[in-house]
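Q: Listed here are the chains, written in short residue letters.
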Amino acid sequence: MLTVVILFLFFAILLYFLLGGADFGAGIIELFTSTDNKSRTRRTMYKAIGPIWEANHMWLIIAVVILFVGFPTIYSSMCTYLHIPLLIMLLGITARGTAFTFRNYDAIKDDKIQDLYNYIFVYSSFITPLFLGITAGSVISRQIDPTAGDYLNTYIYSWLNWFSVAVGFFTVALCGFLASIYLIGEAKEQFDIKRFTKKAVIMNAAAVGFGGLVFLAAEVEHVHLAYWIFGNPVSLVAVIAASVSLMLLWYLLIRGKTKIIRILAAFQVSMILLSVGYRHYPNIIMIKGGNNLSVLKDHAPMTTITDLGWGLLLGSLLILPALGYLFYSFQRKNNIV
Amino acid sequence: MNDFIAARSQMALSLGFHIIYSCIGMVMPVFMAISNYKYIKTKNPLYKHITQAWSKGVAIFFATGAVSGTMLSFELGLLWPKFMEHAGPIFGMPFSLEGVAFFIEAIALGFFLYGWDKFNKWFHWFTGVVVGVSGVVSGILVVSANSWMNSPAGFDYVNGQYQNIDPIKAMFNAAWFSEALHMTIAAFAATGFAVAGIHALMIFRKKNVNFHTKSFKIAIAFGAIAAILQPLSGDLSAKGAAKRQPAKLAAMEAHFHTEPYSALLIGGFPDTVAKKVNYGIELPGVLSFLVYDNFKTPVKGLDQIPQKDQPNVPVTHYAFQLMVAIGMFLLLIGLLYFFALWKKRAWLTKNWFLKLFIAATPLGFIAVEAGWTVTEVGRQPWIIQGVMRTSEAVTPMPGIHYSFYLFTFIYFTLSLAVVFLLSRQIKMVPELYDVN
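In order, the protein sequence lines correspond to chains A and B. What the first sequence shows, in this note's numbering, is residues 1 to 337, in sequence order. What the second sequence shows, in this note's numbering, is residues 1 to 436, in sequence order.
Chain A on its own, in the form it takes in the complex (with noise of 0.2 Å):
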């Protein structure tokens, strides 16, 4: 019960990437659209992810129930030494969250008002995963130091050094990529269609540009990240996919198949995210000094997990036929308005 208990982490977390994540992509991508087609990006994002936005978020707090019910060291000293960057998160979801309805929402639409809420909207939608890209980075970076003893090593330098503020630019880059992926897909007009192109284009050069940083932080911090990825055979050959795949992605774009290459931009992200999780695996977070916590060693008792993990699997029962269908049919009669 325990794999499939760390199956559902592992899924959970991979799907508020992919889902979340894009969410988070969209207003990443109204950020950096001119003023004049703002409003058209804003139409057709709004017909995409109005209905399942709310539903996207909802992996984020199945990671953390599972994190604290299965894994609770593991959660509390996350919590402990990177209060700091999930404050910021969790500061950032809630704004943009709040942002994204309240403009919908909002009886009377004056500009000033609607502004704000578009100002906060895309501004949330850049800091909060960074933020969780900071965190993740954060948490294989080896900075974690439960005994440094004073302020700033323990609950400052544990996040903010070069590598996990690359992996948070990294993770904002593939945001917007994966989102720009999903709206070529979803706009109507050809107009629209080559402007999210260029902006897959633009997402698509930042998030290797930040990939490349990422990798050289890594350097800088001592992280031996090029060993962990292109040191073992699954990693490699995780990344290799994820290289083909993008290729493979850009060539049926020219062709002009906009819905397909979304499951190539989701397939190279889970890549990314096999690749290094898959070496580190059993250990979640890496401490200084070695201490490592595993989701092997530092679990629940198990009377804990199988009932979570009956939980959990007979929940997925009523969710993922309820989320296949909300996706199934919006998609469906969004085509045919």
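Simulated from the structure, these hints should not be mistaken for lab results. Incorrect hints may appear among the rest.
Said to hold, decoys possible - Examples of chain B residues toward chain A, derived with CB under 7 Å:
{"id": "1", "residue": "N2"}
{"id": "2", "residue": "S73"}
{"id": "3", "residue": "F74"}
{"id": "4", "residue": "G99"}
{"id": "5", "residue": "G110"}
{"id": "6", "residue": "P167"}
{"id": "7", "residue": "G268"}
{"id": "8", "residue": "Q425"}
Given the structure is predicted, the values throughout are model-derived calculations rather than measurements. Note that beta-carbon positions come from the ideal geometry of N, C-alpha and C, so glycine has one too.
We have chain A already, so just place chain B on it with the hints.
A: Same frame as chain A, now just chain B:
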């Protein structure tokens, strides 16, 4: 402000706001589904408009409830890592099920809000019902997790170790039913009266009277019935507290001395130094009767509880008195409503009658906050009753007061925004809907 007080304040603030958002977020979908049902049955477009107007309120509250809930799922660890490290595996089961219920709710809400005229009308209605049902189930599950803190079960605490963990036993601890019942009824009462009060105000101002009267009727039916039922569940909760948390009950009642014919206290100002209550009305034997069904059995007083294990008596007592007073008032005007419906229909449109309900708009939520204060402050100094002290659970990170100020700012801004949006929604009713 020291870090411990800052952490407690931040948690109190977060829960204090979340409880309002989530009560409305779980009860309003029920109203919405009822009104939608009436629309499908009567084909009266007014009900469709009411459903749509309410669904916008639901969307706003769901979004704020969802984000504040997400924040809380992290705040538990950000502020109380030692607590979560030990308690997570024991009391986390209802949270994981709540995650599932909440997920279902979000999916169903997506269908309902965006599915008008796109689906079969009964399927669409059904998704609204699912929003309501999963909202209520989420609420019950979260409260059941809280009840475990009041009535820990499902583990053995041996030499500082938590052993033989059984999450299912923990979930169905002795307090879960009474607490979940009390909170669910409270949510219906508070939301019912709040929604009804706003519609009463619009009727009073002669704005779209037909629309608001129909809305008022649906909301008040739930509010009034819940208010009438609440004392029964309150009695159950108090009996439970007497058994499991005598310190809490003693603080609620400012019951300093253990003696036969224990008195029920109404009002009064507790003096914790002199260990007496000034200006209170004492009804001898009534407390004993309520707890033990006879007038004589003494109810454990604060004199039998070590000072270091006692909660803050005045705060718990005042909060309890406030909750009961409001509960009684809502019960009375709930009864008055049914009486008017039955015998005096003319009252329903009278100004004094409407004013009564307008005045009651915030009261239910004040009572909810007061009740929440009773259960949380009344449990102190424990975070897990009798097992772990709140002070042992707090994060080692210094500087929590900054985070508290930040959260205070966020929650107040968020609430102002919600009020602003709702008032605009209400203002635009004649423009948005054909209400005649």
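Q: Checked against the structure, which of the hints given earlier come out wrong?
A: 1 and 7
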